[in-house]
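Just so you know, the protein sequences line up as chains A and B, in that order. According to the numbering used here, the first sequence is numbered sequentially starting from 1. According to the numbering used here, the second sequence is numbered sequentially starting from 1.
I should point out that these hints are in silico values taken from the structure, not numbers from a laboratory. All values derive from a computational prediction rather than experimental measurement. Errors might be hidden in some of the hints.
Claimed, not checked - Computed cross-link-like contacts, DSSO-like style, restricted to lysine-lysine with a CA-CA straight-line distance of at most 30 Å:
hint, chain 1, residue 1, chain 2, residue 2
1, A, K282, B, K114
2, B, K243, B, K319
3, B, K185, B, K143
4, A, K282, B, K218
5, B, K377, B, K387
6, A, K282, B, K115
7, B, K78, B, K312
8, A, K179, A, K282
9, A, K282, B, K394
10, A, K282, B, K238
11, B, K135, B, K188
12, B, K161, B, K188
13, B, K312, B, K161
14, B, K188, B, K119
15, B, K188, B, K394
16, A, K282, B, K319
17, B, K312, B, K356
18, B, K243, B, K312
19, B, K272, B, K394
20, B, K143, B, K394
21, A, K282, B, K185
Said to hold, decoys possible - Selected chain B positions facing chain A (Cβ under 8 Å, derived; list incomplete):
hint, residue
22, G233
23, N237
24, V358
What the hints assert, rightly or not - Rough simulated footprint, nothing fancy, chain A against chain B, three-plus residues with beta-carbon under 8 Å:
hint, segment
25, 39-50
26, 59-65
27, 117-124
C-beta: ideal position from N, C-alpha, C; glycine also.
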Amino acid sequence: MDGYTSSELVSIFAMQGFAGISLFSVLLLMALGLAIIFGQMGVINMAHGEFMAVGAYTTYFMATLTETYFPAFMPYYFVFAIVVAFFVSGILGYLAEFALIRHLYKRPLDTLLATWGLSLIMQQSFRSLFGAREVSPTLPEWLLGSYQPTDMIDIPLNGMFVLGLTAVVTLAVYYLMFKSRWGLRVRATTQNRVMSDAVGINTKKVDRYTFALGCGIAGIAGAAFTTIASTGPTTGTLYIVDTFMVVVFGGAASLFGTIASAFSIAQAQSILEFFISGSMAKVYTLLALVLILMFKPEGLFASKVRR
Amino acid sequence: MRKTNNSRLPSIMRRRFVKGLMALPAAILLSNMSLSASAADVNTTGLAVTDDTVTVGILHSLTGTMAISETGAQEAEKLAIKQINESGGILGRQIEIIQEDGASDWPTFAEKSKKLLVKDKVAAVFGAWTSASRKAVLPVFEKENGLLYYPTFYEGLEQSKNVIYTGQEATQQILDGLNWVAKEKQAKTFYLIGSDYIWPRTAMKIARKHIENVLGGKVVGEEYKPLGNTQFGSVINKIRLKKPDVIYAAVVGGSNVAWFKQLKAAGITSKKQTLLTISVTEDEVLGIGGENLEGFYSIMKYFQSQDNENNKAFVKAFKDMWGEDSVIGDVTQAAYLGPWLWKAAVEKAGSFDIDKVVAASEKGDIELTTAPEGYVKLHPNHHLWSKARVGEWKKDGQATVVYTSELIEPNPFPAGYQ
């Protein structure tokens, strides 16, 4: 690193650090919904990426609508779009659980096939509704550009926004799952369904709302992604591998594991990428992951459940 | 397909007579003398040619990550075919289309091209986009002796008897673009970034040789990201550290959206940084958003904003067919040339026979004065003589042409670059 002044190096490290944290928040946001569905319910939801795409398309739709009919509302629409994305994806998730998933709880491997089929159906629906081209909503001005604490440092505003959103969503999930009565019922149901039924918990209802919540969070992730990337019918397939990687590496049922796993994968990827090329960084990160999983097959933080 | 069918002759003659009456104005205009040639005369190789129709294939990705780019190309090919049909067809035959989806997947491209050539016996195929898909279909076209019109600018270093390349090869785009920034922006240091597959890697290999050996410049960084990648934070920081005079980019498809959004978010705008890309056309800008590209440069042979009569008519016809909101990128235009070049070659050969059409194409006298880009001529090496242009992107998603080269002779195997 010779040939650079120390102030240059300091600012680069600051920005590189932020690049890592930004990737971390992206991975965490993707994985949170799946951590609930896969971690708590044991459903291998291959359509998770498509529920993200639903959120992204909803945002695009809202942007187009606002641009056409209420241009004065443009600076504010994005916040509403996130809420709408949550509900649209959540409601679709609710319906999917009702029509498809609930028949398969006893056969977790079959959920893989069923949700994969669902993902194909959803991709084709996107294609019919929005066309094969990738789309990208017009973003409000306040999301573009960067924050400059010094002349050398530029921190992307969209990255900060995603970071903030991830923090809010994570706290909300933590509260819901571990501090609320509803979370108690969810955890009771997943640990012992028969006993939960016996003590009067409506486990069918719990399942349905848990799945809907996971899908709704995927929708929020999709809305957030429109600030950094584009949306196409097959966008979901790009994210699904990374999402499962984070959840499996973290230890499926652990929220803390998901956070730790997203953090370590993001930092490894981001630091490696600074010294070697992008493709190789990804290869080394995956290799390390495989090695660690060989010794800790349950993931970083296995949940202590009596089986 | 090859039967002479004497018993059907009267009905064919009647049909031909009615058709001839309808096509009379066009027939006179084009002095199309071949209306009377029967299928057996114009085609001796068992292609899907009847007395009234000839079948061609269109093979592009309608799904997957390449759909953002390839949608426009197949639209242009259909427009050209429609226009040719309206002006009386080729050798008196209307063109029929069989379309297949390559699905952004190279083995699928090979499989579908085999289907088009062996089962459908199409007389020509218009299609493929990425170099990977072209390399995948090439052995099929050579083995089954098909004819492919390939529309994308590419790295060169290839020439097949069975392919007509209607896009630019390296010397017409990659090298000319580097010459332009070196001269206009006094650029000495370059940062190369691309998607991770054959075209960007070969393009950058050629670019590096040119920068180091011809321009006397320096490559300060070279980076490849997987197709579909959406995280460019670390690369952007590296670029910031190296402070190159020019970012030379070949990021492909939807990844471009993330790449340019994140550049802008990191404060790297055209005010501070010169960026020249060889992979962004009006099609990609639609997804990227003009505001994220403003002031950056693309080197292409065609921009939709080009001001000439051919182009005005082309843009109007395209929008009439595909909607007012549609945009036309470089490859869309190159794809549009394919059916017209094929028509010219078939008429010169007086036959759909692949070998005869190829022989006619190799004479070096097939030219299009009606090309939207102005004028093109087919070189015996299967590539087009064409001009290179640099466009500066504006907020509305269109480019202003700031540089136009002379007509460049195609040279797919430039000395010293292999």
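To see whether the hints hold, each was checked on the structure:
1. A:K282 - B:K114: Roughly 35 Å separates the two Cα atoms, so the pair is violated.
2. B:K243 - B:K319: violated (42 Å)
3. B:K185 - B:K143: violated (47 Å)
4. A:K282 - B:K218: Status holds; Cα separation ~27 Å.
5. B:K377 - B:K387: holds (11 Å)
6. A:K282 - B:K115: violated (37 Å)
7. B:K78 - B:K312: holds (18 Å)
8. A:K179 - A:K282: violated (37 Å)
9. A:K282 - B:K394: violated (35 Å)
10. A:K282 - B:K238: Judged against 30 Å, a Cα distance of about 17 Å means the pair holds.
11. B:K135 - B:K188: violated (34 Å)
12. B:K161 - B:K188: Violated: K161 (chain B) and K188 (chain B) sit about 39 Å apart, past 30 Å.
13. B:K312 - B:K161: Given that 30 Å is the threshold and the Cα spacing comes to 34 Å, the pair is violated.
14. B:K188 - B:K119: violated (54 Å)
15. B:K188 - B:K394: OK: K188 (chain B) and K394 (chain B) at ~26 Å, within 30 Å.
16. A:K282 - B:K319: violated (42 Å)
17. B:K312 - B:K356: violated (34 Å)
18. B:K243 - B:K312: Not satisfied, since the Cα-Cα distance of roughly 41 Å exceeds 30 Å.
19. B:K272 - B:K394: holds (16 Å)
20. B:K143 - B:K394: violated (46 Å)
21. A:K282 - B:K185: The hint is violated at about 35 Å.
22. G233: With Cβ-Cβ at 3 Å, under 8 Å, it holds.
23. N237: holds (5 Å)
24. V358: violated (33 Å)
25. 39-50: With 0 residues closer than 8 Å to chain A, the segment 39-50 of chain B misses the three-residue bar; violated.
26. 59-65: holds (count 4)
27. 117-124: Check failed, 0 qualifying residues.
Consistency note: the structure conflicts with the earlier hints numbered 1, 2, 3, 6, 8, 9, 11, 12, 13, 14, 16, 17, 18, 20, 21, 24, 25, 27.
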